[in-house]
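**Student:** Hey, can you work out the whole structure from these sequences and the hints?
Going by the UniProt record's numbering, the first residue of the sequence shown is number 1, and it counts up by one from there.
Source of the hints: derived by calculation from the structure; they are not laboratory data.
Computed cross-link-like contacts, DSBU-like style, restricted to lysine-lysine with a CA-CA straight-line distance of at most 30 Å:
id	residue 1	residue 2
1	Lys250	Lys329
2	Lys64	Lys278
3	Lys278	Lys219
4	Lys91	Lys73
5	Lys168	Lys105
Label pairs and their calculated CB-CB ranges:
id	residue 1	residue 2	range
6	Tyr301	Asp227	37 to 45 Å
7	Gln242	Glu185	43 to 51 Å
8	Ser195	Asp48	49 to 57 Å
9	Asp239	Thr317	29 to 37 Å
10	Asp107	Asp239	46 to 54 Å
11	Gln110	Asp234	45 to 53 Å
12	Lys278	Tyr301	21 to 29 Å
13	Ile276	Gly98	38 to 46 Å
14	Ser195	Ile60	42 to 50 Å
15	Val271	Ser58	18 to 26 Å
16	Lys329	Ser232	32 to 40 Å
17	Asp227	Lys168	40 to 48 Å
18	Lys64	Glu320	15 to 23 Å
Beta carbons: idealized from backbone N, C-alpha and C, even for Gly.
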Amino acid sequence: MRKRIKKGVACVLCASMVAALLGGCSSKNAESSKPSIHIESYTKVGYDTVTVQSGDISPILNLKLSPDEFETKNYKVSQDDYEVEKVNVSKGDRVKAGDIMVQFKADDIQDTIKEYTEQKAENELLIEHYQKLMQIDGSEDYSDDIASLKEDIQIADTYIKEQNEKMKEYCLIAEKDGTVTYVNEWLGYGYASSSDNLVTVASGSSNYTATTDDDYEFKKGDVYQADYEVASYDMKVIDVSQYEDKATGKQMQKILFEPVDSMAGISEEDVLTMTIHKPVISNVIYVDEKAINEKSEDNYYVFTINDDGFRTAVDVTIGETVDGYTIIKSGLKAGEQVTVN
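**Tutor:** Below is the structure:
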């Protein structure tokens with residue numbers, strides 16, 4: 001009996017130990033299956049900053065001057081059967097209104113013009129001959145012959161005029177004074193396609209215009225220097241007008257300049273530059289314009305930043321912006337650090 005009890009106790013103990021072992025393994029497996037969590041250490045946000053400055057600012061007004069009433073005209077032919085007879089212009093050439101830039105072959109028309117021109121010249125010689133005969137011998141009267149010849153000359157003039165009008169269809173004629181900015185290279189090989197632009201002429205008046213939203217005061221008669229590449233030209237103000245830009249609502253002014261110097265070598269496509277040094281603005285507080293934020297119309301703020309790296313929004317009153325720097329009328333003092341956008 002005792003032996004049976006001992007065996008039973010032993011079985012129970014073994015079963016308990018097995019269960020404990022299995023339970024331990026299960027717990028370890030559960031713990032190992034849980035996802036690991038990695039928490040990054042806190043990093044303070046960094047900002048790009050600039051220092052608020054104080055001192056004098058020398059404003060500069062930069063203008064671009066373009067020819068007044070500037071326009072370009074492309075010249076084409078209406079059909080493809082034209083043959084080039086002569087190209088009279090090259091890129092950069094100046095042309096006058098009425099100049100023939102390209103002449104196309106029109107043999108029939110040219111032959112007709114030549115025929116009537118020669119006939120007209122012969123009739124004029126005959127008239128002169130009859131007039132001399134009448135001066136030599138007053139009894140001779142060639143008045144009817146002379147009248148008939150003059151009538152023939154008028155008819156010849158009419159035909160010549162008609163043929164010249166037709167001839168215009170075989171020419172590229174400049175409509176306005178200007179500068180040739182493009183000549184199709186195929187013209188040099190005798191080809192002219194109706195689908196291609198053959199010649200381009202840029203035109204405009206001799207004056208130049210510039211626009212700006214700056215309130216700098218231009219006065220009629222004042223002379224400024226404009227530059228193109230290495231050359232400089234004196235330009236006189238002849239008119240100033242104000243208007244509102246409909247897109248931005250800004251008040252603008254348009255300045256009309258008249259060249260004082262010869263503009264030889266300058267094309268209507270060329271844009272001149274003008275740099276005006278405005279009066280120095282003394283003893284002001286200013287900061288990089290990229291530091292300024294707009295809250296609402298005419299309301300602005302900046303972010304100042306302290307030694308700990310934390311920023312604070314501060315309302316500011318601003319003045320004009322000069323060469324990338326905005327004048328601060330109130331809200332900041334020199335030496336403060338502000339963030340830039």
